[in-house]
Amino acid sequence: MSSPTEPGQAYAEFVKGLWKENPTFVQVLGMCPALAVTNTAVNGLAMGVATLFVLLMSSILVSSLRRLIPKQVRISTYIVIIATFVTVADFALQAAAPAVHKELGAFVPLIVVNCIILGRQEAFASRNTVWLSAMDALGMGSGFTGALLLLGSLREILGKGSFFGISLFGPHFEPWVIMILPPGGFLMLGVLLLIFAWVKERRQHTSEQAREEAA
Amino acid sequence: MGQLVWIFVSALLINNFTFSYFLGLCPFFGVSSRLATAFRLGLANIFVMVITSLCASFLNEFILPHAPYLRLISFIVVIASTVQFVEMVIKKVSPGLFRALGIFLPLITTNCAILALALFQTSRSYGLLQGLVFAVGAGGGLTLALVLMAGIREEAELSDIPALMRGTAINMLIAGILSLAFMGFAGLFSGSA
Amino acid sequence: MPDEKDDQQPLVQIGPGGKQGGGLFETLRLVFTLTLAGLLSGLLIVSAYELTLPRIEANQAAALRKAVFEVLPGTKQMQQLIWRDGHLVVAGPSQKAPQPGSSVYGGYDQAGKFVGYAIPAAGPGFQDTIQLIFGFNPARRRIVGMEVLESRETPGLGSRIADDPGFHSQFKDLAVEPKVVLVKGHGDKANDVDAITGATISSTAVVKIINKADATWLPKLPKAGQAPALVPSKGKEREIHPVKPPGGPVPGGNSGK
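Protein chains in written order, with the working numbering: chain A, 1 to 215; chain B, 216 to 408; chain C, 409 to 665.
Check before you lean on any hint, since a few could be wrong.
For the chain C half of the interface with chain A, some residues (derived, Cβ under 7 Å), not all of them [stated by the list, open to error]:
| id | residue |
| --- | --- |
| 1 | L436 |
| 2 | R437 |
| 3 | S449 |
Since the hints were made in silico from the structure, they are not lab data.
Every residue gets a Cβ at the ideal spot worked out from N, C-alpha and C, and that includes glycine.
From just these sequences and the hints, can you work out the full model?
Spelled out as structure tokens, the structure:
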């Protein structure tokens, strides 16, 4: 088997996590944090970055050790590795940005059970080189962060009239408060999923049409 | 006593783990298409939560004050072990149920609701009894959410939903409306003088 | 891809020798790997903990000081006071973190003169538990300030108990006898608090929490003029345990000298 073009493949692994296999909108994983901490844009961004950090470090470590970890205990080992990095991230956030840490609350430790991270270890990092695993982690993590940022921004703009704390519409704006409350999270994500499904279908439709016409 | 009732009702209805805290969503969207399965998974969750609560109380009281940084790892290990244990017990006692639950039983380990239960219990400094009441209330709330969702989805299967919305999109919207409904429980305890 | 091929081979390459030896080797390997993983993980966690602990503690102590200084105007220094064996005593350096509800804070001005007590309290609100802290001047028997520390009330309505200046200003000189009373509309008496429009239940909760804390603490607090004196910090850091310690005891911040 010829060796793959490393730069091309690495790029592909990175990009897939951003759109085509976006963890939130396509794979529908990591729902709990996606809804719970996206009541403002900055919270969504912080959670995304923290998850990206844990995912990247865990993938690198798991991939480096992939030949040493026995199959029978692999899930436990992954969880120990992930929990370690989550604990480190929790401390770092608490020390560097206590206000954000307070907003995110218990959801930083809950990164441990984010299905995305364990899923990537099992599906990718344990079977691929460190470089590719890192790219995969960066892609998935960035895709996740992007999704959280989008969700958080929309909810904050509609529910509070601000973006990253900056008031957009002035004092007379009557905010759609439900958007920053739990029901708003569910509804907003449902609408976004709908939009993404629609866009996907339109793309498929146009590419099918193009193929038919070419034939 | 009043505080125990508040803890229970708060976890069950007012601050329902699923509709208010966004916990336990993976099984919520994954399993909740059959009513019977949803109910039994809910019960399994309650059981795991109760045991986790007990262990967390024990850890918090005796072991973790000496090494607070090990909290997360020790909780996760407890949860994974409990789920493994529950799996073995169910397999022996009721193989039919074991088969029905399938992959969702080991997935209780990654159910954020269980870990969140332990973390909330810690940050609110609940004692043993309070923790237990909290666990039963939270587990009951999860079961309630699962059962409600399953019932609605069973009905929805017979409806004419646009193809684009089928799947997770419509489930999100259903969940949103349920969450809205549960907001009505806020203030349940505050009317009394 | 070269790695796929790896996956299909057994993880443990046993020589032509012993199957039984392979079993034991396998188990030892599992134990060894998990132990190694545990050790490395522990090392990493403890390092991160040690590195970040000073900063985290400083942040928590700073947040607490800010709250206490807010509710006791004129305070420049503070110390923690614990109720033990029927007396209010100064928290010593070897104290375990006190149970929530068993300690208050004493505020003192730059010269060390007693200003008042800062009393933390909590109770159920409309949505979830409300945590607050209020300042009490025993000489005048008045509440002199109130700050909401944590709440999950309805944004825009109940949440105004935390940031509505009109609501807060009513706690700057509030009588506590016989107890604080919530009034819809406008109240005239010294112990009246006007509810926030549209947030009656959250406002009621705040008043209930304060009254309950008063009932618990006011009988215990020493008479005016007999408050515990500020213990000189002797250049060491003063012990201050934040109201709800999330992990463990937290040594206090600078004494300000």
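With chain A as the partner, please determine if S449 of chain C meets the hint condition of a C-beta pair closer than 7 Å.
-> holds (4 Å)
Should the interface hint for R437 of chain C be scored as holding, given a Cβ-Cβ cut-off of 7 Å against chain A?
-> holds (6 Å)
Residue hint L436 of chain C, partner chain A, criterion CB-CB below 7 Å | Constraint on L436 of chain C not satisfied, violated at 11 Å.
In this structure, only the earlier hint numbered 1 is contradicted, and the remaining ones agree with it.
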